[in-house]
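There are 4 protein chains.
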Amino acid sequence: MVGGGRDAFIGGVHRMAMRLDGKIDLVAGAFSSNPEKSKLSGEDLLIDPNRVYPDYQTMVEREQKLPLGERIDFVSIVTPNRTHVPVAKAFLEGGFNVVCDKPLAFNLQEALDLQRVVEKTGKVFALTHNYTGYPMVKEARELVRKGELGNLLKVVVEYPQGWLINPIDEEGQKQAAWRTNPEQAGASSCVGDIGTHAENLARYITGLEIDQICADFTSFVKGRVLEDDANMLIRFKGGAKGVLYASQISVGEENNLAIRVYGTKGSLEWHQEDPNDLIVKYADAPRRTYRRGNAYLSETAKRFTRIPFGHPEAFLEAFANIYLEAARAIEAEINGQPIPSDCDFPTVKDGVEGMLFIATAVRSAKGGAVWTSMANYQK
Amino acid sequence: MVGGGRDAFIGGVHRMAMRLDGKIDLVAGAFSSNPEKSKLSGEDLLIDPNRVYPDYQTMVEREQKLPLGERIDFVSIVTPNRTHVPVAKAFLEGGFNVVCDKPLAFNLQEALDLQRVVEKTGKVFALTHNYTGYPMVKEARELVRKGELGNLLKVVVEYPQGWLINPIDEEGQKQAAWRTNPEQAGASSCVGDIGTHAENLARYITGLEIDQICADFTSFVKGRVLEDDANMLIRFKGGAKGVLYASQISVGEENNLAIRVYGTKGSLEWHQEDPNDLIVKYADAPRRTYRRGNAYLSETAKRFTRIPFGHPEAFLEAFANIYLEAARAIEAEINGQPIPSDCDFPTVKDGVEGMLFIATAVRSAKGGAVWTSMANYQK
Amino acid sequence: MVGGGRDAFIGGVHRMAMRLDGKIDLVAGAFSSNPEKSKLSGEDLLIDPNRVYPDYQTMVEREQKLPLGERIDFVSIVTPNRTHVPVAKAFLEGGFNVVCDKPLAFNLQEALDLQRVVEKTGKVFALTHNYTGYPMVKEARELVRKGELGNLLKVVVEYPQGWLINPIDEEGQKQAAWRTNPEQAGASSCVGDIGTHAENLARYITGLEIDQICADFTSFVKGRVLEDDANMLIRFKGGAKGVLYASQISVGEENNLAIRVYGTKGSLEWHQEDPNDLIVKYADAPRRTYRRGNAYLSETAKRFTRIPFGHPEAFLEAFANIYLEAARAIEAEINGQPIPSDCDFPTVKDGVEGMLFIATAVRSAKGGAVWTSMANYQK
Amino acid sequence: MVGGGRDAFIGGVHRMAMRLDGKIDLVAGAFSSNPEKSKLSGEDLLIDPNRVYPDYQTMVEREQKLPLGERIDFVSIVTPNRTHVPVAKAFLEGGFNVVCDKPLAFNLQEALDLQRVVEKTGKVFALTHNYTGYPMVKEARELVRKGELGNLLKVVVEYPQGWLINPIDEEGQKQAAWRTNPEQAGASSCVGDIGTHAENLARYITGLEIDQICADFTSFVKGRVLEDDANMLIRFKGGAKGVLYASQISVGEENNLAIRVYGTKGSLEWHQEDPNDLIVKYADAPRRTYRRGNAYLSETAKRFTRIPFGHPEAFLEAFANIYLEAARAIEAEINGQPIPSDCDFPTVKDGVEGMLFIATAVRSAKGGAVWTSMANYQK
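Top to bottom, those sequences are chains A, B, C and D.
Here the first sequence stands for residues 946 to 1324, where the numbers follow our numbering.
Here the second sequence stands for residues 946 to 1324, where the numbers follow our numbering.
Here the third sequence stands for residues 946 to 1324, where the numbers follow our numbering.
Here the fourth sequence stands for residues 946 to 1324, where the numbers follow our numbering.
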């Protein structure tokens, strides 16, 4: 692991997700850009001190020297956005597989560079767009694929949070401070942090590609440079329409990511805060609630379920599903086998798409919320 | 009543709403533009045949000749949009108070004309934007007024329906046919029919005025000239932002009108299909669910409640609340007294605002979903 | 109408329910046992003073003398429990049809007497067990009848309220005072007032007949003679089991009547406070939510619906459904025609069953919550 | 670990719960009563083959011989009910701490024996009544303790499942077969398996002690000897009343454990399938929804939360909370320190209470559902 030392938040989540299924052991790390903090964090985590490194460069170098079978199988990168790409490149080029937190990069250019490195090295690269790890999200995708909804017409996806309604970034709250600082977060705060999750979820379930975006950004809290609220209209290729919004100032909302997809034959609805249910509606039939863990679900949804129906699974289990699938691919890679074709985790391609989405939204917003084509930025 | 004969839909709703509280009797009508149908409808409704008229002009003329105390106290207009204004003008100028279905007019110009007539005659004019009759909508407004939410930052209001996913208008379904026909519905179908309800609800609760609209219209069903889906970004005067969408092709949705209002201190959420609950959320306190009929509610919410908590009230009761308040004003007008200042019903001003909203949205959509100012149209 | 004067509660509900569909006019009444109050109440209701009577005996006598076609078609009895039977008998024997509030009688003996009078006179007698007027309750019964649930195994029905947690009966609140006074309410408070609704609802939907009851009554509030909480185990004829409870001291509950019915193939769930939805669950298929107003519902459910899906109907509409069906039967009776076989309203038989249920539960409770057979009381 | 080999279900759940927080390593086991299966299961789990034992007796013996610091710190017992006590006694008497699945024992006598062994050895004994590990269950207990509900009057607790509606036990489904077999499950199936969870949950939250039970058991599925459905009335010491039911034949229910607690000042409601919310209701104030992860919760609820609000936690996290607390106690025991007084996990005392509850319910049911005192069995 790189990052995730004392005071960090997402590192702990990654570690729980890794541990859950007993297939991944944390054995080495550079847990902080501060060598002393890295050392102490390693002690907290009961890691062999010889494998707690002062920085990621040293980690690459020293792990490479370990015999095959003793060195790490992959690295998990949980640093702030700014350093995802340099760290990932160092490990990929050092011959290691990578699991990386999102968003992929600091900007689109970096993302495209990284994509080239992934392609060149042939290593596994997994991006933890964790919401697609929920079994009922996978069921939603299966229903769309099977044509249960008919042709898709409209998508409404929203991710309101309220935690940044007060200027806690100004007051030094660490999670808030880096997310709202353009030097660390990049050109966008709200869209980069959570808007991309909404975009990724919509793309995962529907397979639709965005053609154009009209994005209205606002910085509601005084002194904030980056947007803390973003509302967008979307036009998908092929004619479907969309509404996407993300917010950090919607007081009282927690992580209320939700999606509704409307087709010619039916529609579906899923809420991240109530993740074990998937509601499907029809023009002239009773609504159906699909529930995690039941035998009637698709094989895909069942494959990502650990415990029986009625005993809810939640966020960590979904996160762990990303690791499980990445681990399957990594195991194959290490054994010199082809990656199983049904491996289901977000890749560098998803990361590039996400960065392109951010860049397009930012450009639209800067122009005064004008329609902006995704294509303008490509290549 | 004018309109509301056999085969009509909304006339029956108005009649139930009128009857509920025992303060309004239906005693006369021109129930159809077809005199024979008007006559038969009058028989169905057990109206004195002498007061069933072949057309609205005759109705005005003949009712005027009846002695005070015997003539109608007001007329209820439930015809298609196209004829609201001429009928309303005839009655207003004939000395009668008016309750009229929404939208107010066929276009903005007509609406402004009517507003002048209302002002000139001094008669009561009530518009049945019925959703504002729900007690918990009134409670929502009171909470906003009392500052419970702080300064308002964002409004999300949506009205998805799915009933027009199939071309039932082409197949002759009467309700569908006139709503999608520009000659009868005007320049907009979906926004005119239900988008205005969303706009009116948002304005009623928040008091915010729209500054600019960016509206993306789509006609998803082949052969349809007017939009059956509309997604909008909103900028309110004073800096608040909004998302508003309405749809007639969101399969499986019924009348899923819902609103969320976010302020600096708290937010609220209300769903028309679950109208007895109002949810209020805070940054750092448990969510509260306010429920209709309780003693802790505002006097306003309590005034519009008929039965105790836990025995739900619904759509017809809300509709009846519009009539109750209009009737209070009408009673005052007839008795030569001032209209009570707490009378709470939508007026011609709300209707003009609604028409302005429609016109602005249509203009934005026709320009390719560009930001369009409400002011452009005013006066 | 007999009863329902100033200060009364349920009379107003009956009047709204009567008025809603425009088929019933209130034209006469003895609105209070206090003649002066009856007179004033009649004025409030704009009733012809000649038909506002000082007591119910006078009302029977004088209405009988009016010519056919001018006299009342039926009487609506909304007095406290104690007087239901004498009033009803007077009207039945006077040649009038009757609609009566529940519970039917002060005790089982009275109920059986009244049943004989109804049978002898051949008049229509309707009891306002209003919850069976909800369209989705009717749909539930249809699903059971069609075998959608298989053989019924278990019923859980509950009616918790909290309004009597404080001794408002001692403090003179009128509704509370008579309901908890054995001289006016009979041998039971909670079970007589709301437990019977639970029993009636279960019987209506399932058709199951109770064989034995084990009832544990409690008077939680100091000074109260009758029970304000009752928990029961039920054994139905044929082997199904049940849990039934009613409470007036379950703080924070409003009118949370709810029922779950379990069969060998499926189960259903309905909540009075959310009456437009009916949930059906299966062993191995997604749950279904049936919603009022849809074309896929049974003809019966659709017959009792006034407005389209998504515009909720509620308590008053359900109450009005009882009146609508009683009115159909009364119209037939007056016209000398047979009562239509599909008339669907609670009759004197339901009332007798309810009184038998109350008597059996009281006997069980008095014995210390011992198993007591319904049959012990019959005849 | 003892038990939990290939084909077992609950063993896997325990392992995920143990792993989640990175404080517990599975290092040894006797995974099956079949030595070969134990060996293969150990391989699956990547356990050092030297510490995979053919039976639990060997495991005790051999682990005892390992130096302190190398031997296991505690054993986790996940065998069928029949063998909980002999295995637990062997480890306790061998000097090991124990975590054991519920119910504690095969019968009450065994449970009391085990309690004596626990007391004598002074070792830590934790019972995995996992539902009390949910943070919002802990919040519920805190609210009761702080007097937020006033004096408690009534408890309704239910645990309906539907998975045994078909005779899958007859057809050899392993989980079903042993749970319904009196030789393996003991005197009760449904109550022993899930009724005890309901009882434990109620006791944990309320602190109320059961005085008397009236239990009606049914075996609905042909050929089943033990009950698959149980409905009970409860009388608590001090006068509160209760309804408790459990069912394995309630088709379409999954693990719908739910509790409502009513006091003089307020009431609370919690549903295991929606575990992040706790609803509190008042006589005259809006309902409150307490949500996991918020700063306004009690320190206790916050202590058992891993990730922020709005990212749901669920069953495995609650299960892991039991292990976390047991581990704290075990760590203290091993270090010769007193068990921290705030350690919050179910103990052998809870297990004895549970067995007493089962025995009392069985006795009541065998007597024909007669009121039976818990005291009859004590000592």
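Just so you know, not all the hints are guaranteed correct.
Stated by the list, open to error - Below, a list of computed lysine-lysine pairs in the DSS-like style, where the Cα atoms sit at most 30 angstroms apart:
id, chain 1, residue 1, chain 2, residue 2
1, C, Lys1119, B, Lys982
2, A, Lys1210, A, Lys1091
3, C, Lys1119, B, Lys968
4, A, Lys1210, C, Lys1091
5, D, Lys1167, C, Lys1182
6, A, Lys1247, D, Lys982
7, D, Lys1247, D, Lys968
8, D, Lys1091, C, Lys1167
9, C, Lys968, B, Lys968
10, D, Lys1010, D, Lys982
11, B, Lys1091, B, Lys1119
12, D, Lys1010, A, Lys1247
13, B, Lys1065, A, Lys1167
14, D, Lys968, A, Lys1119
15, D, Lys1065, A, Lys982
16, C, Lys968, B, Lys984
17, C, Lys1091, D, Lys1167
18, B, Lys1247, C, Lys1119
19, A, Lys968, D, Lys968
20, A, Lys1182, B, Lys1247
Unchecked claim - Some chain A residues judged to face chain C by a derived CB distance under 8 angstroms, without partners named:
id, residue
21, Ala1122
22, Lys1182
23, Gly1184
24, Arg1233
25, Tyr1235
26, Asn1239
27, Tyr1241
What the hints contain is simulated information worked out from the structure, not anything from laboratory work.
Quick reminder that beta carbons are idealized off the backbone N, C-alpha and C, glycines included.
Status of the hints after comparison with the structure:
Using a Cα cut-off of 30 angstroms, the hinted pair lysine 1119 of chain C and lysine 982 of chain B is violated, with the two alpha carbons roughly 50 angstroms apart. With a C-alpha separation of about 12 angstroms, the suggested pair lysine 1210 of chain A and lysine 1091 of chain A falls inside the 30 angstroms cut-off, and the hint holds. Of the supplied pair hints, the one linking lysine 1119 of chain C and lysine 968 of chain B holds, its CA atoms being roughly 27 angstroms apart against a limit of 30 angstroms. Of the pairs offered as hints, the one joining lysine 1210 of chain A and lysine 1091 of chain C holds, with about 27 angstroms between alpha carbons and a cut-off of 30 angstroms not exceeded.
Using a Cα cut-off of 30 angstroms, the hinted pair lysine 1167 of chain D and lysine 1182 of chain C holds, with the two alpha carbons roughly 18 angstroms apart. For the suggested pair lysine 1247 of chain A and lysine 982 of chain D, the alpha carbons sit about 26 angstroms apart, so the restraint of at most 30 angstroms is met. A distance of roughly 19 angstroms separates the Cα atoms of lysine 1247 of chain D and lysine 968 of chain D; the hinted pair therefore holds under the 30 angstroms criterion. Of the pairs offered as hints, the one joining lysine 1091 of chain D and lysine 1167 of chain C holds, with about 24 angstroms between alpha carbons and a cut-off of 30 angstroms not exceeded.
Pair hint lysine 968 of chain C plus lysine 968 of chain B holds up; C-alpha atoms about 16 angstroms apart against a cutoff of 30 angstroms. Distance hint between lysine 1010 of chain D and lysine 982 of chain D is fulfilled; the C-alpha atoms sit about 24 angstroms from each other, no more than 30 angstroms. The hinted pair formed by lysine 1091 of chain B and lysine 1119 of chain B fails the criterion: a straight-line CA distance of about 44 angstroms is larger than 30 angstroms. Distance check on the hinted pair: lysine 1010 of chain D and lysine 1247 of chain A sit about 44 angstroms apart at the alpha-carbon level, beyond 30 angstroms; violated.
Of the supplied pair hints, the one linking lysine 1065 of chain B and lysine 1167 of chain A is violated, its CA atoms being roughly 47 angstroms apart against a limit of 30 angstroms. Between the alpha carbons of lysine 968 of chain D and lysine 1119 of chain A the distance comes to roughly 27 angstroms, so the proposed pair stays at or under 30 angstroms and holds. Between the alpha carbons of lysine 1065 of chain D and lysine 982 of chain A the distance comes to roughly 45 angstroms, so the proposed pair goes past 30 angstroms and is violated. Under the criterion of a C-alpha separation no larger than 30 angstroms, the hint pairing lysine 968 of chain C with lysine 984 of chain B is consistent with the structure, at around 19 angstroms.
Restraint check for lysine 1091 of chain C and lysine 1167 of chain D: satisfied, since their Cα atoms lie roughly 24 angstroms apart, inside the 30 angstroms limit. Among the hinted pairs, lysine 1247 of chain B with lysine 1119 of chain C is consistent with the structure: their alpha-carbon atoms are about 20 angstroms apart, no more than 30 angstroms. For the hint linking lysine 968 of chain A to lysine 968 of chain D, the alpha-carbon distance of about 16 angstroms falls within 30 angstroms, and the restraint holds. For the proposed pair lysine 1182 of chain A and lysine 1247 of chain B, the alpha carbon gap of about 50 angstroms is over 30 angstroms, so the pair is violated.
Restraint check, alanine 1122 of chain A versus chain C: the minimum CB separation of about 42 angstroms is more than 8 angstroms; hint violated. For lysine 1182 of chain A, the interface hint is violated, the least distance from its beta-carbon to any beta-carbon of chain C being 31 angstroms, above 8 angstroms. For glycine 1184 of chain A, the interface hint is violated, the least distance from its beta-carbon to any beta-carbon of chain C being 27 angstroms, above 8 angstroms. Checking arginine 1233 of chain A against chain C: minimum C-beta separation of about 4 angstroms stays under 8 angstroms; hint holds.
Given the 8 angstroms rule on beta carbons, the hint for tyrosine 1235 of chain A holds: about 5 angstroms separates it from the nearest Cβ of chain C. For asparagine 1239 of chain A, the interface hint holds, the least distance from its beta-carbon to any beta-carbon of chain C being 7 angstroms, beneath 8 angstroms. About 6 angstroms separates the beta-carbon of tyrosine 1241 of chain A from the nearest beta-carbon of chain C, less than 8 angstroms, and the hint is met.
Violated hints, listed in ascending order, are 1, 11, 12, 13, 15, 20, 21, 22 and 23; each of the other numbered hints is respected by the structure.
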